[in-house]
Amino acid sequence: MPDNSKSLMIQTTDLTKRFGRFTAVDKLNLSIEKGEIFGFLGANGAGKTTAIRMLCGLLKPTSGTAVVADCDITHQSEQLKTRIGYMSQRFALYEDLTVKENVLFYSGIYQVETSRALSVAEELLSEMGIDLGSKALTSSLPLGFKQRLALTCSLLHDPRLLFLDEPTSGVDPQARRAFWNVINRLAEKGKTVIVTTHFMDEAEYCHRVVIMQEGKAIALGEPAVLKNEHSVPNMQQLFLKLVS
Amino acid sequence: MQDIIQVRDIMHQYGDKTALEKISLQVSQGEIHGLIGPDSAGKTTLMRILCGLLNIQSGTVSVFDLDVSKKFKEIRSRLGYMPQRFSLYQDLSVEENLLFFARLFSVTVQERNQRLPELYAFSRLEQFKSRRAGALSGGMKQKLALSCALVHRPELLILDEPTYGVDPVSRQEFWQMLKSIQKGGTSILVSTPYMDEAELCDRVTLIYNGKVLASDTPTKIKANWNKVVFRVTSPEMKELEPELVKIIEIESCQRFGNELHLVLQADEAASIINQLETRFDEYMPMLEQIQPGMEDIYLSYMQAVQHKEPSHAG
Amino acid sequence: MKSNRIPAIMLKEANHILRDPRTLLIVVLMPIVQLIMFGYAMNMEIRNLRMAVFDYSHTPTSRELVNDFSASGKFQVSYPNLPEDSINQLFFSRKYEAVLLIPKGFAEELNRLKKTDVQLLIDASDPNAATLIRSYCTSVIGRYNQLEKYSPIDVRTNILYNPDMRSAYFFVPGLIAMILVMVSALLTSIAITREKELGTLEQILVSPIRSHEIVIGKVLPYIILALLDALFILTVGMTLFGVPFRGSFPLFLGFTLLYVLAALSLGLLVSTVAQTQQVAMMMALTMTMLPTIMLSGFIFPIASMPKLLQLFTYIVPAKYYLQIIRGIMLKGNNLTQLLQPMLALIIMTVVMLAVAVKRFSLRLK
Numbered sequence: 001m002p003d004n005s006k007s008l009m010i011q012t013t014d015l016t017k018r019f020g021r022f023t024a025v026d027k028l029n030l031s032i033e034k035g036e037i038f039g040f041l042g043a044n045g046a047g048k049t050t051a052i053r054m055l056c057g058l059l060k061p062t063s064g065t066a067v068v069a070d071c072d073i074t075h076q077s078e079q080l081k082t083r084i085g086y087m088s089q090r091f092a093l094y095e096d097l098t099v100k101e102n103v104l105f106y107s108g109i110y111q112v113e114t115s116r117a118l119s120v121a122e123e124l125l126s127e128m129g130i131d132l133g134s135k136a137l138t139s140s141l142p143l144g145f146k147q148r149l150a151l152t153c154s155l156l157h158d159p160r161l162l163f164l165d166e167p168t169s170g171v172d173p174q175a176r177r178a179f180w181n182v183i184n185r186l187a188e189k190g191k192t193v194i195v196t197t198h199f200m201d202e203a204e205y206c207h208r209v210v211i212m213q214e215g216k217a218i219a220l221g222e223p224a225v226l227k228n229e230h231s232v233p234n235m236q237q238l239f240l241k242l243v244s
Numbered sequence: 001m002q003d004i005i006q007v008r009d010i011m012h013q014y015g016d017k018t019a020l021e022k023i024s025l026q027v028s029q030g031e032i033h034g035l036i037g038p039d040s041a042g043k044t045t046l047m048r049i050l051c052g053l054l055n056i057q058s059g060t061v062s063v064f065d066l067d068v069s070k071k072f073k074e075i076r077s078r079l080g081y082m083p084q085r086f087s088l089y090q091d092l093s094v095e096e097n098l099l100f101f102a103r104l105f106s107v108t109v110q111e112r113n114q115r116l117p118e119l120y121a122f123s124r125l126e127q128f129k130s131r132r133a134g135a136l137s138g139g140m141k142q143k144l145a146l147s148c149a150l151v152h153r154p155e156l157l158i159l160d161e162p163t164y165g166v167d168p169v170s171r172q173e174f175w176q177m178l179k180s181i182q183k184g185g186t187s188i189l190v191s192t193p194y195m196d197e198a199e200l201c202d203r204v205t206l207i208y209n210g211k212v213l214a215s216d217t218p219t220k221i222k223a224n225w226n227k228v229v230f231r232v233t234s235p236e237m238k239e240l241e242p243e244l245v246k247i248i249e250i251e252s253c254q255r256f257g258n259e260l261h262l263v264l265q266a267d268e269a270a271s272i273i274n275q276l277e278t279r280f281d282e283y284m285p286m287l288e289q290i291q292p293g294m295e296d297i298y299l300s301y302m303q304a305v306q307h308k309e310p311s312h313a314g
Numbered sequence: 001m002k003s004n005r006i007p008a009i010m011l012k013e014a015n016h017i018l019r020d021p022r023t024l025l026i027v028v029l030m031p032i033v034q035l036i037m038f039g040y041a042m043n044m045e046i047r048n049l050r051m052a053v054f055d056y057s058h059t060p061t062s063r064e065l066v067n068d069f070s071a072s073g074k075f076q077v078s079y080p081n082l083p084e085d086s087i088n089q090l091f092f093s094r095k096y097e098a099v100l101l102i103p104k105g106f107a108e109e110l111n112r113l114k115k116t117d118v119q120l121l122i123d124a125s126d127p128n129a130a131t132l133i134r135s136y137c138t139s140v141i142g143r144y145n146q147l148e149k150y151s152p153i154d155v156r157t158n159i160l161y162n163p164d165m166r167s168a169y170f171f172v173p174g175l176i177a178m179i180l181v182m183v184s185a186l187l188t189s190i191a192i193t194r195e196k197e198l199g200t201l202e203q204i205l206v207s208p209i210r211s212h213e214i215v216i217g218k219v220l221p222y223i224i225l226a227l228l229d230a231l232f233i234l235t236v237g238m239t240l241f242g243v244p245f246r247g248s249f250p251l252f253l254g255f256t257l258l259y260v261l262a263a264l265s266l267g268l269l270v271s272t273v274a275q276t277q278q279v280a281m282m283m284a285l286t287m288t289m290l291p292t293i294m295l296s297g298f299i300f301p302i303a304s305m306p307k308l309l310q311l312f313t314y315i316v317p318a319k320y321y322l323q324i325i326r327g328i329m330l331k332g333n334n335l336t337q338l339l340q341p342m343l344a345l346i347i348m349t350v351v352m353l354a355v356a357v358k359r360f361s362l363r364l365k
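Chains as they are written, first to last, in my numbering: chain A, 1 to 244; chain B, 1 to 314; chain C, 1 to 365.
Calculated from the structure, these hints are not laboratory results.
Be aware that one or more of the hints could be misleading.
Here are some chain C residues the structure puts well away from chain A; computed CB gaps all over 10 Å [said to hold, decoys possible]:
#, residue
1, 5
2, 12
3, 20
4, 46
5, 54
6, 90
7, 114
8, 207
9, 245
10, 254
11, 285
12, 293
13, 336
14, 353
Far from chain C by the CB rule (all over 12 Å, computed), these chain A residues [unchecked claim]:
#, residue
15, 10
16, 16
17, 26
18, 34
19, 78
20, 115
21, 129
22, 143
23, 150
24, 188
25, 228
26, 231
Partial selection, computed: residues in chain B whose CB lies under 10 Å from chain A [stated by the list, open to error]:
#, residue
27, 110
28, 114
29, 251
30, 255
31, 257
32, 295
The beta-carbon is built from N, C-alpha and C at its ideal position, and this holds for glycine as well.
With the hints as extra help, turn the sequences into a complete structure.
Printed below as a string of structure tokens:
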């Protein structure tokens, strides 16, 4: 890999998306470094989902540019997709498949060798006590297991960048903390993690966050610094203070 | 204070799955009582039993001092229930939904004409009166569902995860609505998976795997917890964290972005902190005691329960 | 890079099918129920029609004609002792389906002029039955004319391919056409919209997969399923109802595959428009079942439809497929004789598939 600006994983320049007359994302400028856990916070309709979809190559921007994992999102979305992993809030697993069938399916989609995929899965699932050989269908697993399985499926192809959409809403605190420990380890190994959420306690796990409102970034920085600046005890208070 | 809900030793099983294991709790007249626990903790089952929607398998439940298993019809006419997720008619307008529930509870026309403007005023839904419920935003849907549960002026409101998936601003507005309902004299039992909402309740019951972990005011729950939380920051976090994880006196060491939170036994805390400061001087750690969150407390009680009965891991 | 993502999708889809008892039930139970319904309940032959005869001729000649009616086995003849103006009463009381009036001068006129008239009154409140009764009567009288050499024109009707007018001969091909279009269009559209609803489609779309890979991978298992279903109906039809198979079997398979492709493209098209399984199901059903039953020539002859509806039948794939398989099964047609409907099916498939793949965008709206 040439040049040294490569410590940046995401760089957006005036990234904008309009749907008709409605501007969902308005001139977003962000630089996210390799190894960062970065949070997109905002209410519904604030533009975070649209922003993420553009960064994943699912939506074309109306104007502006973004380079994600060394790919231009407008022209290199195919290549971009091989470098990112995506885990959605609804844990987009096939509930009528077994754990192993889900893993094999995603390894097929991402063209990962079966043996490699299974060993990645083994490593990520064993500590949760999930047995890959189990005949049980995914629908019968507790929420925390499903969440871990969804994470596993999005990591099979060893992406440089991982998108998490409200990854731990509703799961028990133990599963949640275990999940974030995995995420922390991934970040230490150099993976960049982007989190979108409107649950402010998830925001506490991020290195840096951006708070969006009406398509614009209204605050950007480390949670602790932002909390200090506005002298509030937690992210929830900060958010309510900034948004209202 | 009088108890409006009394639950004693309730068990409930679905097939061979135990949803509730000897649960007891009391909700006092006029309070907002939070039922706090993650998905599948047993919150919905308990609420359904309170409304007489599920048969009581063992134990006793009384609401308004009436036995739920016998008097559930009378109880239902005096309580308002808002089920999990959005349960209104998406293809009816806001007003049609409200009118439907008014008729369902046989609210008289005069009373209805007086009630509806009140509900509009406090839900701020008046301007969306003719909009289809399905076209409302998540937060507005929840406000409408709440309004529908209030049409017949219930003495007790039972709300099952009303703020699930609702954004923070709407959540705050929703809680403000609950406070004003409470001022009107209605008692409220509300369930939530979000630990931070505990602080908004008068009393809370922490529930996990069908068991009660603790039940009291948030302040007392915190005061009775025999542990403390310290925040650690350091310029050499990467080196410091693995060292701290190894120390067995530290009950939990959790990374939150750029900081670590340590949970320590309250009586040992001072000496441990002293030791840490000297031992890891080279990493220049900043240690500072912080208020525990409800999640910290829930987690530690939850782990205590798991220790007592080594549970199923797969 | 050569793509191997199709098998991944296929395998998963096959698992979905095998795990979902409802799908299997639709695929297996529906043909059985329909075969029984059409085979036993919807019998197009009528026997024991009650016919009232008013014979004012009272001659051996007239009695001979009446005898021919009862001898045909279709009619139960009786002579009600009633005045002629009470015929309406007979129909109102539903005692008779038909009335035969033989005028006074019947035998004389027939002897003199070699031709005469009789009057036949039919209760057409059930038009299908009425049509059948008329054709039975025409054939009885025709035979009578022929035997007695009365008629100046000798009408010889020769019914080809299905000489006994057996219903099974037409409903088995019709059922194959209908069930294939339902299985293919309905199940594929549901399979895709289900992923939309669950959010799994979004999960796949963020991967480097291409839209044709998703489409092909999802559709292939249903092709196999539909073909198996076609063979199943065919076997039951042949063994239970004695439907003949006069043409080439490979040809039948080839055309069935083509038809299934057309139906699948329709299903895909539906799934690009519908956002929920419910909508997809409604759309697929109205777009396949109704036209296939009403407008394909399955039950109602296209030639007897109003012009506007006839135009509409040109876009019903089942119309062409029915021409083809009736041709193969009953007439033993070969490929060259079926080129025209084949071309029509190919054009429809290509157009629908092109639109569907184009609409099945890899990016979200």
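Evaluation of the provided hints:
1. Residue 5 of chain C, annotated as away from the interface, has a beta carbon of chain A within 10 Å; the closest lies near 6 Å.
2. At roughly 5 Å from the closest C-beta of chain A, the C-beta of residue 12 of chain C falls inside 10 Å, breaking its exclusion from the interface.
3. With a least CB separation of 7 Å from chain A, residue 20 of chain C falls inside the 10 Å interface cut-off, contrary to its annotation.
4. Distance check on residue 46 of chain C: its Cβ is at least 49 Å (rounded) from any Cβ of chain A, clearing the 10 Å threshold; non-interface status holds.
5. Every CB of chain A lies more than 10 Å from the CB of residue 54 of chain C, the least distance being 70 Å, so the non-interface label holds.
6. Once the 10 Å rule is applied to beta carbons, residue 90 of chain C is consistent with being away from chain A; the minimum gap is 62 Å.
7. Residue placement check: residue 114 of chain C keeps its beta carbon more than 10 Å from all beta carbons of chain A (closest about 77 Å).
8. The beta carbon of residue 207 of chain C is not kept farther than 10 Å from every beta carbon of chain A, the shortest such distance being approximately 5 Å.
9. Taking the minimum C-beta to C-beta distance to chain A, about 38 Å, the non-interface status of residue 245 of chain C holds against the 10 Å cut.
10. No Cβ of chain A comes within 10 Å of the Cβ of residue 254 of chain C; the nearest lies about 30 Å off, and the non-interface call holds.
11. With a closest Cβ-Cβ approach of about 23 Å to chain A, residue 285 of chain C is found to remain outside the 10 Å limit, as its non-interface label requires.
12. No Cβ of chain A comes within 10 Å of the Cβ of residue 293 of chain C; the nearest lies about 32 Å off, and the non-interface call holds.
13. For residue 336 of chain C, the shortest C-beta to C-beta distance to chain A comes to about 43 Å, beyond the 10 Å cut-off, and the non-interface label holds.
14. Every CB of chain A is more than 10 Å from the CB of residue 353 of chain C (nearest about 22 Å), matching its label as outside the interface.
15. Distance to chain C confirms residue 10 of chain A as a non-interface residue, since its nearest Cβ pair spans about 15 Å, more than 12 Å.
16. The beta carbon of residue 16 of chain A sits about 16 Å from the closest Cβ of chain C, which is more than 12 Å, so the claim that it is off the interface holds.
17. Against chain C, the non-interface label of residue 26 of chain A holds: every CB pair exceeds 12 Å, the least being about 19 Å.
18. Every CB of chain C lies more than 12 Å from the CB of residue 34 of chain A, the least distance being 20 Å, so the non-interface label holds.
19. Not every CB of chain C lies more than 12 Å from the CB of residue 78 of chain A, the least distance being 6 Å, so the non-interface label is violated.
20. For residue 115 of chain A, the requirement that its beta carbon stay farther than 12 Å from each beta carbon of chain C is met, with the minimum near 15 Å.
21. The Cβ of residue 129 of chain A sits about 24 Å from the closest Cβ of chain C, beyond the 12 Å cut-off, so the non-interface label holds.
22. The claim that residue 143 of chain A is not at the interface with chain C holds, since no C-beta of that chain comes within 12 Å of its own (minimum 15 Å).
23. Not every beta carbon of chain C lies more than 12 Å from that of residue 150 of chain A, the smallest distance being close to 8 Å; the non-interface claim is violated.
24. With a cut of 12 Å on Cβ distances, residue 188 of chain A stays outside the contact zone with chain C, its closest approach being about 24 Å.
25. The beta carbon of residue 228 of chain A sits about 36 Å from the closest Cβ of chain C, which is more than 12 Å, so the claim that it is off the interface holds.
26. The claim that residue 231 of chain A is not at the interface with chain C holds, since no C-beta of that chain comes within 12 Å of its own (minimum 39 Å).
27. With its C-beta approaching chain A no nearer than about 38 Å, residue 110 of chain B sits outside the 10 Å limit, and its interface hint is violated.
28. Contact between residue 114 of chain B and chain A, as hinted, is not supported at the beta carbon level, the nearest pair being about 32 Å apart and thus beyond 10 Å.
29. At about 12 Å, the closest approach between the beta carbon of residue 251 of chain B and any beta carbon in chain A exceeds 10 Å, and the interface hint on this residue is violated.
30. About 5 Å separates the beta-carbon of residue 255 of chain B from the nearest beta-carbon of chain A, less than 10 Å, and the hint is met.
31. With 10 Å as the threshold, the beta carbon of residue 257 of chain B comes within range of chain A, its nearest partner Cβ sitting at about 5 Å, so the hint holds.
32. At its closest, the beta carbon of residue 295 of chain B sits 5 Å from a beta carbon of chain A; the interface hint therefore holds under the 10 Å criterion.
The structure fails hints 1, 2, 3, 8, 19, 23, 27, 28 and 29 (numbered hints given earlier, in ascending order).
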